[in-house]
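J.: Going down the list, the sequences are from chains A and B. Just so we're aligned, residue 0 is where the first sequence starts under numbering that gives the first Met the number 0, counting upward by one. Just so we're aligned, residue 0 is where the second sequence starts under numbering that gives the first Met the number 0, counting upward by one.
Be aware that one or more of the hints could be misleading.
Stated by the list, open to error - Under the rule of at most 35 Å between Cα atoms (straight-line distance), these lysine-lysine pairs were calculated in the DSBU-like manner:
1) K143(B) - K229(B)
2) K143(B) - K131(B)
3) K310(B) - K182(A)
4) K182(A) - K131(B)
5) K5(B) - K83(B)
6) K83(B) - K229(B)
7) K310(B) - K34(A)
8) K182(A) - K343(B)
9) K343(B) - K310(B)
10) K310(B) - K131(B)
11) K83(B) - K131(B)
12) K229(B) - K5(B)
13) K131(B) - K5(B)
14) K5(B) - K66(A)
15) K5(B) - K343(B)
16) K66(A) - K34(A)
17) K66(A) - K131(B)
18) K182(A) - K66(A)
The set of hints was computed from the structure by calculation and includes no laboratory data.
Given next are the chains, with one letter for each unit.
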Amino acid sequence: MFDANDLAVLPVARWIQAGVEWLSYNFRPVFIAIKWPIENGLALTDAALQSVPFPITVLLFSAVAWKLAGRSTALFTAVSLVVIAALGVWSEAMTTLALIATAIVVCAVIGIPVGIWSARNDRVWNVVRPILDIMQTTPTFVYLIPVVMLFGVGTVPGEVAVIVTAVPPLIRFTNIGIRQVDKEIVEAGHAFGADSRQLLWEIQLPLAVPTILGGLNQTVLTAMVMSVVIAMIGAEGLGLVVMQGLGRLDVGHAAIGGIAIVLLAMILDRVTQGMASRSGRPNRAAVKAGFWARLFFPHKLEEIKT
Amino acid sequence: MSERLKIDNLYKIYGGSPEPAISRLRNGATKDRVLAETGLVVGLNNVSLSIESGSIYMIMGLSGSGKSTLARCVNRLNEPSAGKILLDGRDLVALDEQALREVRRTRVSMVFQHFALLPNRTVRENVEFGLKLRRIAPAVRRRKAEEILAVVGLAAWGERMPHELSGGMRQRVGLARALATDADVLIMDEAFSALDPLIRAEMQDELLRLQRTLQKTILFITHDFQEALKLGTRIAIMADGEVVREGEPQDIVLDPQSDYVAEFTRDVDRSRVFDVRSAMSAAAAADLIGGHRVVLCANGGFAIDGDGRVKGHIARARIDDLRAGADIAPLMASSFSAISADAKLLDVSRVFTAGQPVAVLDGDDCIIGTVSPEAVLRQLSSSPAAPKSKEKVHV
Ligand SMILES: Nc1ncnc2c1ncn2[C@@H]1O[C@H](COP(=O)(O)OP(=O)(O)OP(=O)(O)O)[C@@H](O)[C@H]1O
Ligand SMILES: [Mg+2]
């Protein structure tokens with residue numbers, strides 16, 4: 000009888016093991032260099048979130064939610080944050096939030112330029128796409144092994160895993176967003192003598208904003224999920240609450256972590272979705288393209304509603 | 000008028016290296032044969048045109064005949080495969096990217112079939128678009144945009160978004176955007192085709208009105224022969240990437256030269272196409288009768304002054320009186336009409352009054368001929384000079 004295991008002669012596992020070991024041995028400085036900004040960014044965000052008094056944080060977040068996604072989301076945000084605090088996992092929730100916030104900044108810094116590059120150069124996209132396919136079909140916790148080998152254990156290596164997992168959707172959506180810009184409009188750009196940079200900044204990016212924000216929503220949710228999973232390699236935050244609960248067979252404790260995670264995820268989802276759908280409307284607010292304008296110039300938004 | 004744009008033996012081949020297709024075309028192969036033998040699609044096949052400055056040059060043809068390809072070659076949205084495009088003598092095909100951008104920013108602009116406005120910008124910002132690309136100061140381009148918006152009748156709409164406007168208004172914005180750059184060559188690829196008929200006619204009138212003052216050189220693509228006749232100073236008709244007929248609208252209607260072209264001209268309202276000149280009997284040289292200069296015609300004669308201007312009409316029966324030395328003033332009693340030689344037949348049919356002669360005048364109001372209702376009718380019903388297959392002769 001043939002058994003599938005008889006065929007198990009390919010020592011792929013050993014090859015990968017050897018490859019990763021070789022990388023971590025020879026490229027140590029590279030990984031340290033990667034780690035450094037993440038570590039500091041994370042420390043800063045975490046410190047900030049932890050030090051602001053709870054009521055102020057609730058107010059601030061609700062205000063931001065209001066501006067980005069409207070009143071009902073603001074209300075939901077306030078209530079959810081209070082519930083999280085009441086569950087007694089405020090500090091852990093803030094750590095998770097710091098993980099996500101930092102990851103999003105890094106993802107935006109990497110993902111949007113790579114997405115733009117992919118959209119404007121088919122050869123780049125032909126290289127990037129299969130990589131994204133592999134990244135997105137690999138189960139998330141499979142990332143953890145190489146991450147541990149290359150970066151060690153703890154919160155910062157965990158954050159690396161979060162970023163790696165969360166960046167693909169943003170690259171994809173940025174790429175699609177730019178490619179989907181109406182061909183005739185891009186042509187109008189050419190016809191009126193736009194150079195490559197003007198084409199990007201005057202036409203492609205502004206018109207791709209709604210799609211890119213859709214990608215941001217995906218990235219935020221992926222980061223949320225991953226920020227929990229990385230508790231397995233010793234990262235702090237809400238994931239750790241769940242892990243501890245499970246480890247101690249303390250279902251209640253684990254459930255508290257779970258509830259807080261769900262609430263946080265819903266806040267982030269609603270806020271980013273609100274941003275994306277609002278920017279989709281062709282109105283005068285979208286003119287000034289989105290996020291920061293809406294954060295700082297809310298009156299422009301009110302103008303449109305009337 | 001001088002030549003602004005000259006297209007010289009232009010070829011455009013889609014789908015790969017063009018040489019095999021071009022050499023076959025030069026040896027007389029058709030578009031279909033080139034496709035069968037090489038798999039390459041012929042976009043343009045040896046197109047040569049000369050476009051006068053200040054004219055509206057119409058490119059006509061069935062779908063797929065290469066109209067858009069030709070228009071888009073002019074600003075090199077399509078890269079020509081061979082040949083030259085001379086703008087004031089300078090070959091656009093040879094320009095590098097930098098110089099091409101400069102030409103697109105300042106010399107050649109474009110109006111798109113589906114408007115291609117930026118949905119996230121106000122109407123005014125859309126009009127400013129070309130100027131912004133040229134990095135012109137905001138205040139300057141704003142002033143310019145407002146000025147142009149007033150010209151196209153949208154002064155009050157500058158701060159609206161494009162989606163708040165109707166189709167016709169949006170295309171006015173498209174036109175304003177093209178005019179704002181002060182480019183002297185305008186490419187309009189089916190610019191009015193997406194509009195419904197009434198708005199379309201209105202836009203055509205608007206373009207003609209603007210053109211009277213702006214005197215742009217316009218390359219206008221259409222598949223509508225009526226539109227070509229209404230707007231065109233000259234018309235080029237394309238088939239399979241070639242120009243099969245080129246000329247003034249009236250000449251093309253009068254003599255299509257091929258069945259393909261005759262298909263377009265068949266249902267044309269000739270009274271709007273032909274001018275009076277085409278039905279006029281040219282005046283003979285003035286005779287000196289009884290010491291007066293008289294241009295004789297079928298039903299009498301027109302007395303003219305030294306400059307050739309008509310003083311009055313003398314009925315045929317009274318010509319002899321004049322010859323006999325009668326005073327001219329009472330003889331010129333019979334009434335007559337006069338019309339410019341450039342008026343259309345439709346206009347002359349309005350001035351005919353029973354039995355009255357009609358004098359045809361040139362630009363200086365000098366008589367150059369006469370026109371009769373019979374001649375007009377003959378012109379309206381005349382079948383084209385080119386031989387046509389029997390079933391098509393039902394004009
Ligand atoms: N990008 C392209 N790639 C390949 N072939 C093309 C391309 N653009 C046009 N063609 C071909 O070139 C020929 C001329 O097309 P073109 O678009 O110039 O026609 P057109 O006269 O503008 O037609 P329409 O009235 O439908 O707009 C057609 O046979 C078309 O299939
Ligand atoms: Mg076309």
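J.: Hint by hint, work out which the structure violates, then give me just those numbers in ascending order.
T.: Of the numbered hints, 3, 7, 8, 10, 14 do not hold.
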